[in-house]
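Heads up: the sequence shown runs through residues -20 to -1, 1 to 51, numbered per mature numbering (1 follows the signal peptide of the UniProt record, and there is no 0).
These are computed hints drawn from the structure, not numbers from a lab. All residues carry an ideal CB built from backbone N, CA and C; glycine is no exception. Among the hints, a few may not be true.
[Said to hold, decoys possible] Pair by pair, the computed Cβ-Cβ distance ranges are:
{"id": "1", "residue 1": "19", "residue 2": "-17", "range": "35 to 43 angstroms"}
{"id": "2", "residue 1": "-14", "residue 2": "16", "range": "18 to 26 angstroms"}
{"id": "3", "residue 1": "-19", "residue 2": "8", "range": "38 to 46 angstroms"}
{"id": "4", "residue 1": "1", "residue 2": "21", "range": "20 to 28 angstroms"}
{"id": "5", "residue 1": "18", "residue 2": "-3", "range": "18 to 26 angstroms"}
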Amino acid sequence: MSSTTVFIVALCLATCLIDAQRLSEERPDLVNVVARELREMMRHDKRDFRFHAARGKKFDPAEFRRRIFTH
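With the hints as constraints, model all of the structure from the sequences given.
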């Protein structure tokens, strides 16, 4: 990698970190809400995958979405 590329990547990462820190200071509850939602999504995906894997089916994300909208 050239030094210019390294500089651009470092600048982008620094900008992202500064924005994330500023956002977490302004709205600390937002970080907790997002983290909770991600944990719930991951837990639900794991449970759904185990359901399909236990029955020998291939996991189909579209089927999961169809079930959400039909209930």
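Please flag the earlier hints that this structure goes against, numbers listed from lowest up.
-> 2
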